[in-house]
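> Sequence:
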Amino acid sequence: MHNYGAENITDEQIYSDVKNLNDNYNKRNADTTQVIPIFKPLIANVGFEFRLANKDPQGNCTNGIDRINTYKTFKANDQSKLNPWNRSVYLNIWVANTLENTSAAAYAYKPASAHYMFYYDGILAWHSYVGSIGTSSQYNSKTITHEIGHCLNLDHLWGATNQPGVACGDDGVLDTPETKGHSNCNILYDSTCHPPIIENVQNYMEYSYCDYMFTPGQKDRMTDALNSDVAQRKSLWSDQSLIAAGVDGPRVDCKPKADFNTNKQFSCIGNSIQYKNQSYNDTLMTAAEWTFDGDATPATSTSLNTVQVTYNTKGWKTSSLKSTSNAGSGTTTKSDYVYIADPVGKNVTGKIFHFEDEAEFASWTNFNYFNNEFKWDYYTYGGYFGTKCVRYKAYDTRTFPNNTVGSASGDIDELITEAYDLSGLSQGNAYLNFFSAGATRASINTDIEDSLIIQYSVTCGNSWVNLAKLSKSQIINNGKVTNEFFIDNTTTWDAKTFALPAQALTSNTFFKFRYRPGDLSNNFYLDNFEINSTPVSVKNINTQGYSFELVPNPATNGNSFIQLNTSESGNAKITVSNILGEKISTFDYQVNRNILNQIELPSNVFTQKGIYFVNIDINGKKNTKKLIVQ
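Count the sequence shown with numbering that gives the first Met the number 0 and you get residues 0 to 629, in order.
Treat the hints with care, since some could be wrong.
[What the hints assert, rightly or not] Have a look at the derived ranges for each label pair, beta carbon to beta carbon:
(1) I242 with S328: 23 to 33 angstroms
(2) S442 with T285: 53 to 63 angstroms
(3) T282 with T332: 16 to 26 angstroms
(4) P194 with Q33: 17 to 27 angstroms
(5) I242 with V165: 39 to 49 angstroms
(6) T282 with I443: 46 to 56 angstroms
(7) T330 with N593: 52 to 62 angstroms
(8) P194 with S227: 31 to 41 angstroms
(9) V251 with Y138: 30 to 40 angstroms
(10) T403 with N25: 27 to 37 angstroms
(11) G46 with D169: 17 to 27 angstroms
[To be verified] Only pairs whose alpha carbons sit at most 30 angstroms apart, straight line, appear in this in silico DSS-like list of lysine-lysine:
(12) K387 with K468
(13) K256 with K333
(14) K109 with K218
(15) K572 with K620
(16) K256 with K74
(17) K608 with K345
Quick caveat, the hints were computed from the structure, so don't treat them as lab data. Quick reminder that beta carbons are idealized off the backbone N, C-alpha and C, glycines included.
Could you build the full structure based on these sequences and the hints that come with them?
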């Protein structure tokens, strides 16, 4: 599992791990010479052989390595165990960037624990503990040997816990003495538990990192596991399974599985993007054929490694790669993988994006990087202003067994605006404003993982600068909602306002909303986005208990409406004054809480063009806004 980083380890590193396993389980490891004399007669030749599969579950040729691009490679846990192959035929080993349990290098379940959890059965390992080369080392090379021991019903020498050095314990194997367990090799002749009986510090099922051996008793226990139906271990080495996995005879070369990535997926017309060949399933690739959209330069390439590409028009771009080896060819096409933006900024100062028109949402670039159900989308059943807004869909609607893996935690999705011309604004008079509403399924604050990072770029996406990071109560203002959170007339909306620094006030500034959900997330909504010279009135929401806008403003021929949201119902006294402060109209209106109240301002009030002031008084809470009539 990888995101095209260091965790996407080479075939050679994996091959080194298979060699280590076969050496360790067949007493071919050279370091058995370092075993202390008392245990040398007990070094077991377990006699198990491990091979990488040569056929996948569909019968296709494979080198036994399935490379999955996923965010679940970070802080990996059981939910990261994507695309497991049938455990009755294959022993699954998932390799990740990091583990959620930062104190573990890898983990696995014993057969009895895994029996009814087939979807989690196997080994999950940190990439730095697989094999002995590449991102790993000789020091870390025994980790998978240890974990396979667990898969075959071995405990740690001190028992079933993961905490060595706490108390003397036993693993149920007669020829491994009781021990507290060891985290180092400082005392090879330790006899703490039953002096003068020496403990087996150098055993593969220790934590000592000077592990060189299994005992005959451990061999017997693992052999018993492989002859048991518990967790289908007996089936792993049946003739039928060996044939199904393609390991019953000599290995054959497989055609490549074409794959590629880019150094960025968002850029501007005329800027360069680097494509990198990430094809796999065969190490003997001999040719590559790249094809890019017609406006690309170059439109084709035969580079085996990387290609620099520029585009001449804006929009989503599709690219394809055909990889060829001595065994055949494989092709992949990625549609809407890269977006090229127009670098010319639009003047939107003062414009409020109510998103009642879907074109406003469509003008932004929506990246659902992993093509899953957690994503930004256009919501048409409610909003702060009207009946539509932007939503981040974080609620997990999947059911068993689909929800056993691939949860939302770790996902990242981005929404990027067009380029905006902000050169007419100045620091201190430039703000990014919006309203938001969010909920969670978490019961306690520490379980809320959601975050929203707002960034800006003045380099066409080559670099991004953080403007704000929102988390927990800054996002979750509607509390715990167990079912999916939808907008209704009880929804609480918060006003958000962020001062823009001078560096952001250019003629082509992009903004990015970067949402990261958690496993207990619910939906998040955003509305009334604007860039303006004044901040949104937080006072109106939090102190006054209501907010209002004058739409349109400026008004033509005096036609304008008050759009008002309030947290309490009651009588609103509305007063219109001219620029001299003279009252020219006063009337009452009964307003309702938690809905959008739309109040028409009579056109006959505005007898001439100019500046007017609209004051609203609800139960003694007053607020005034300026209206321009032209």
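> All hints, please: hold or fail.
Checked hints:
no. : hint                               : verdict
1   : I242 with S328: 23 to 33 angstroms : 27 angstroms, holds
2   : S442 with T285: 53 to 63 angstroms : 57 angstroms, holds
3   : T282 with T332: 16 to 26 angstroms : 23 angstroms, holds
4   : P194 with Q33: 17 to 27 angstroms  : 24 angstroms, holds
5   : I242 with V165: 39 to 49 angstroms : 46 angstroms, holds
6   : T282 with I443: 46 to 56 angstroms : 49 angstroms, holds
7   : T330 with N593: 52 to 62 angstroms : 54 angstroms, holds
8   : P194 with S227: 31 to 41 angstroms : 36 angstroms, holds
9   : V251 with Y138: 30 to 40 angstroms : 35 angstroms, holds
10  : T403 with N25: 27 to 37 angstroms  : 35 angstroms, holds
11  : G46 with D169: 17 to 27 angstroms  : 25 angstroms, holds
12  : K387 with K468                     : 25 angstroms, holds
13  : K256 with K333                     : 14 angstroms, holds
14  : K109 with K218                     : 15 angstroms, holds
15  : K572 with K620                     : 10 angstroms, holds
16  : K256 with K74                      : 27 angstroms, holds
17  : K608 with K345                     : 28 angstroms, holds
Of the hints listed earlier, there is not a single one the structure fails to meet.
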